[in-house]
Amino acid sequence: MVSLLQEIDTEHEDMVHHAALDFYGLLLATCSSDGSVRIFHSRKNNKSLAELKGHQGPVWQVAWAHPKFGNILASCSYDRKVIIWKSTTPRDWTKLYEYNNHDSSVNSVDFAPPEYGLILACASSDGSISVVTCNTEYWAWDAKKIPNAHTIGVNAISWCPAQTPDPAFDQRVTSRTTLVKRLVSGGCDNLIKIWREDNDRWTEEHRLEAHSDWVRDVAWAPSIGLPRLQIASASQDRHVIIWSSNTDLSQWTSCILHTFDDAVWSISWSTTGNVLAVTGGDNNVSLWKENSEGQWIRINYESGTAIQSKQSHNLHPQQPQQPAHLHGSSDSDHSSNLSNSHLSNSQLSN
Amino acid sequence: MNDDTLPTFALGDALATRCGNTLTASFVPGGSKIALSAYRPLKWSSRDAPSDSAGQDMVLIHMAQESSLYTEPLLRSLLSETNATFQTLQTMCQVQHGTKKGSEYIKISRTYRSIVRCCLEKLEHAKKMPEVQEDETKEQQYADAIMTFYAIECLWYLFEILYMQQHHNQLIVPQLLEWTRFHYPHTEDRATDLLLMAEEASEVDNYWDTLKTLVMLGHLDVTRAILSQHRKANQAAYQSAETVLKTMPIYQDGYALQKFCSQWEYWHNDLDRKLVSQVFAAEPELEVLMQLLKGSNEHWDEELLKSQDWYEFLPGYLLYTRPTCKPFELRIAVTNWHNRWSQLRPDWQMTQMSRMVRQLMDHDVKLFIYEAQKLNDSHWFATHLIDLIYHSGQLKTHFDQQNLDLPALRHAMIFEFGSYLMTTHNLWQLGIDYLDHCGQEGIAAIELLLPRIPLKTERQAFKILALAKRRGLVNVEQDICKVLSRRAYNDQRFGSALEWAIRSKDVLAVTAIADFILKHYSKTGIMLCQDVITSIGGRMFLSPRLVFLSKYYEFYEFYRQRDFLSGAELLINLLASRITPDYFWPSLLIDALPLLESEDPKIFSKETIAILQHLEMELVPLIERNKLNTAKFSNQTSKTIFKDYRVENIEEILDLMRLACARNLARAMIIENTAPAS
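For the protein sequence lines, the chains are H and C, in the order given.
As numbered in my numbering, the first sequence has no gaps in its residue numbers, which increase by one up to the final residue, 731.
As numbered in my numbering, the second sequence has no gaps in its residue numbers, which increase by one up to the final residue, 681.
Please keep in mind that the hints were generated in silico from the structure rather than gathered at the bench.
Note that this is a predicted model, so its numbers are computed, not measured.
Yeah, the Cβ is synthetic: ideal placement off N, Cα and C, and Gly gets one too.
Be careful, since some hints might not be right.
From the derived model, a few chain C residues whose C-beta atoms are all more than 12 Å from chain H [said to hold, decoys possible]:
(1) Arg490
(2) Asp518
(3) Ile539
In silico DSS-like links for lysine-lysine, alpha-carbon gap of 25 Å or less [said to hold, decoys possible]:
(4) C:Lys609 to C:Lys522
(5) C:Lys141 to H:Lys425
(6) C:Lys459 to H:Lys467
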């Protein structure tokens with residue numbers, strides 16, 4: 382069973398395109414077609430703490446930096462700009478840096494793992510990717526561009542988690558070893574590309590082909606100590622694909638999570654990467670996890686009857702039309718928690 | 004998987020409905036919450052104009068979370084107590100390898116159960132409190148928790164009887180009887196009432212019903228006691244019944260099974276004979292009791308119609324028909340019994356609980372575990388039970404046959420349960436203990452989740468740091484220190500910022516804060532956070548700037564205590580050290596001025612020459628460079644090195660310094676050269 386904790390009225394005048402919570406999940410940043418970014422306390426239903434104005438068009442995405450760099454937020458917009466904001470208190474925000482070296486809308490921003498420093502990757506409709514690095518000693522900014530990353534445009538970008546060498550294999554290697562930076566991007570050429578930094582230059586390491594339409598979102602899963610990494614990609618072709626690598630990331634295999642009823646727009650990994658939330662044009666938010674057999678299953682809150690409590694989940698009874706759904710919770714009896722049965726049905730039938 | 008079976012949860016956001024029922028969701032970092040909002044695929048290809056829905060509906064973000072029972076403090080204490088037992092079990096298994104006695108695992112199993120029972124009692128008590136009675140949702144919460152944990156205790160007990168005990172030759176009927184009696188206590192309560200009423204009891208309406216239920220639950224002693232108080236207890240029928248009840252053989256440990264069987268056969272035949280010869284015919288109700296004792300199907304069927312669940316009277320029936328039933332024979336008995344039950348009660352729906360009881364008795368542990376994960380206890384039961392099964396190793400062959408990888412299942416369950424607790428507000432400290440037992444993955448999860456615990460107070464920060472330290476998570480430790488340092492700096496608590504920066508071993512951060520303190524001093528003459536600087540000690544070697552700060556502070560202290568000689572010595576050392584930051588040269592030299600101007604020379608001639616040398620070699624070129632810079636970017640408000648009053652008067656200060664050096668040199672030389680030769 383899923384319960385709704387609260388609703389936050391964003392006070393935006395138009396559609397919210399993205400909402401991101403800071404590292405601790407305490408502050409919420411939202412961005413909207415009305416060109417503004419707003420900041421809220423996520424655990425209270427307060428009015429917005431701040432409204433950040435600086436863009437002249439719809440703001441597509443926001444991203445928070447690691448708190449060790451301070452309270453830093455990046456936003457990207459249709460107006461081709463990326464703005465990096467800084468605050469001393471949640472109410473008090475100033476523009477720290479503005480990056481405007483893209484020739485078209487900037488669709489996605491993502492901060493690098495903090496181990497690398499304060500680095501931001503931006504994906505634009507002009508087909509290029511920018512990697513903006515800040516020298517936090519002098520707060521000086523420097524940008525590198527990957528031109529023609531995807532023809533027609535780059536829709537989404539995500540960083541590879543910083544990998545510490547596995548101590549089980551490599552006793553002497555400490556985390557001081559230079560970490561290899563990697564990025565994954567998805568674009569309008571239906572491709573997913575993995576980029577890696579070699580001697581200050583970004584080169585294409587892999588090109589993952591499996592989607593037959595625009596790739597809308599890519600997300601690198603958090604690393605949880607397993608000798609592999611995973612990337613989820615969502616596409617207009619109604620597929621979500623999970624890409625899994627081998628230990629040294631030299632090979633990638635794909636597995637179609639599910640074919641949805643409509644285009645899939647966004648995906649989100651939970652903090653430990655054990656649950657994937659998928660949203661798309663089919664009205665649903667569905668939650669998925671990989672069971673111990675490596676199969677992807679939709680989290681199923683099957684009802685049990687040890688408890689006979691009936692609870693209505695019609696939170697808005699006045700709702701006239703077919704409401705949007707969050708898949709994965711029960712409207713009868715009760716259900717189990719966010720993680721599903723570890724035994725799949727197929728296991729039971731052996 | 005069949006999509007039709009998937010339950011859904013309606014959100015009903017007005018805006019989402021208006022723009023075609025679309026939502027987007029993202030996970031809240033470090034938590035199990037999901038933030039949901041209305042969404043429309045609007046990208047660069049669309050025209051930049053307000054959307055049709057602009058300004059019509061509230062734009063909402065919904066925060067959803069899987070519901071959990073553990074918001075209630077009583078259940079939180081259940082979690083922490085079971086966490087301790089879980090730990091005990093893990094250490095017990097780490098300490099002594101090899102085969103362990105089953106009894107130890109039973110002890111652990113009983114501990115878990117007694118924690119649940121204790122918690123149930125507290126919940127029942129709490130539910131009756133007046134403030135809870137008034138609050139409907141709260142009451143419902145308690146009711147839910149009681150039902151869930153009641154079911155868990157009942158199932159765990161049954162599992163313990165059937166699978167945890169070493170009873171190859173043991174009979175399980177007595178234990179099953181105990182189990183049903185414990186979970187159907189109402190009959191016993193009524194029996195107590197009857198006993199207290201003594202003779203009057205026989206007039207009570209439910210007298211015979213209670214007796215029948217007692218017999219069916221196998222409470223023979225109580226039945227006998229109640230019957231002996233009956234008004235007609237002296238009559239022949241009652242006397243015979245008394246004998247029948249008294250002589251029924253009950254199996255005791257160490258008894259020869261053969262002997263018991265023949266005794267029991269004899270008793271059974273005897274009862275049968277008595278029934279046939281109409282010994283109890285005068286008392287029809289008593290006769291029914293005796294028929295039940297005999298295991299007469301016809302009479303049992305009639306009584307079964309009144310029972311609450313299929314398994315309620317099964318152990319009782321076994322007592323009168325197959326008292327020597329062994330665990331492996333149970334399955335057949337259960338199948339027969341269940342068929343009979345379903346014929347009698349065709350409309351009856353199996354609840355999850357009764358289904359799970361059946362699975363246990365059918366030895367279908369795999370299915371049982373599958374079902375156990377559907378309880379709304381956030382996998383508390385499944386996780387702890389599987390862990391116990393894994394350690395005790397008793398069902399190993401069973402799982403091997405079933406092709407089920409028990410270690411992997413256990414690992415996954417503990418990992419999930421630990422992650423769940425760790426991402427739940429206020430429960431994270433319990434979660435970490437579970438993740439500790441998940442090897443590499445567990446450590447990785449801790450590394451991801453621990454730094455995301457909001458650092459509300461310093462005390463909590465210290466706790467998290469200690470946990471990270473114990474696990475060797477150096478990165479987590481340092482990141483937390485960096486965050487705290489940054490936060491303190493933003494709040495202008497510079498001492499705290501410096502302290503945390505030093506702990507984080509972040510050279511850049513330490514240098515930046517030390518710079519700030521030194522610049523602040525050279526501008527205002529106020530030395531910030533002196534207490535922290537005093538206590539830096541050996542840690543100063545982290546950054547050259549910090550060394551300079553500490554040393555300069557030492558000088559500052561000497562100066563304040565008017566220990567000019569030591570001060571002068573330190574100052575000379577500092578001047579010679581080459582760690583003086585550019586911006587601090589003027590300050591440092593000006594600090595030398597009073598010492599040089601002292602009537603009673605504090606600085607020797609050699610040192611004076613050194614100061615003069617630094618003045619000419621370091622400061623003058625610096626000023627020249629600076630002039631050049633300001634000339635080059637005259638329009639720029641660049642941060643020049645002397646951004647204070649000294650900028651304007653720098654030439655004057657230089658002259659003063661040169662003069663002071665010359666004077667001191669003169670004085671010092673006179674004294675040095677006239678000093679009596681030693």
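Results for each hint:
1. At roughly 8 Å, the least C-beta separation between Arg490 of chain C and chain H is not larger than 12 Å, which violates its mark as non-interface.
2. With a cut of 12 Å on Cβ distances, Asp518 of chain C falls inside the contact zone with chain H, its closest approach being about 10 Å.
3. With a least beta-carbon separation of about 21 Å from chain H, Ile539 of chain C lies farther than 12 Å from that chain, consistent with its non-interface assignment.
4. Only pairs whose Cα atoms come within 25 Å are accepted, and Lys609 of chain C paired with Lys522 of chain C is rejected, the gap being roughly 30 Å.
5. Using a Cα cut-off of 25 Å, the hinted pair Lys141 of chain C and Lys425 of chain H holds, with the two alpha carbons roughly 21 Å apart.
6. Restraint check for Lys459 of chain C and Lys467 of chain H: satisfied, since their Cα atoms lie roughly 21 Å apart, inside the 25 Å limit.
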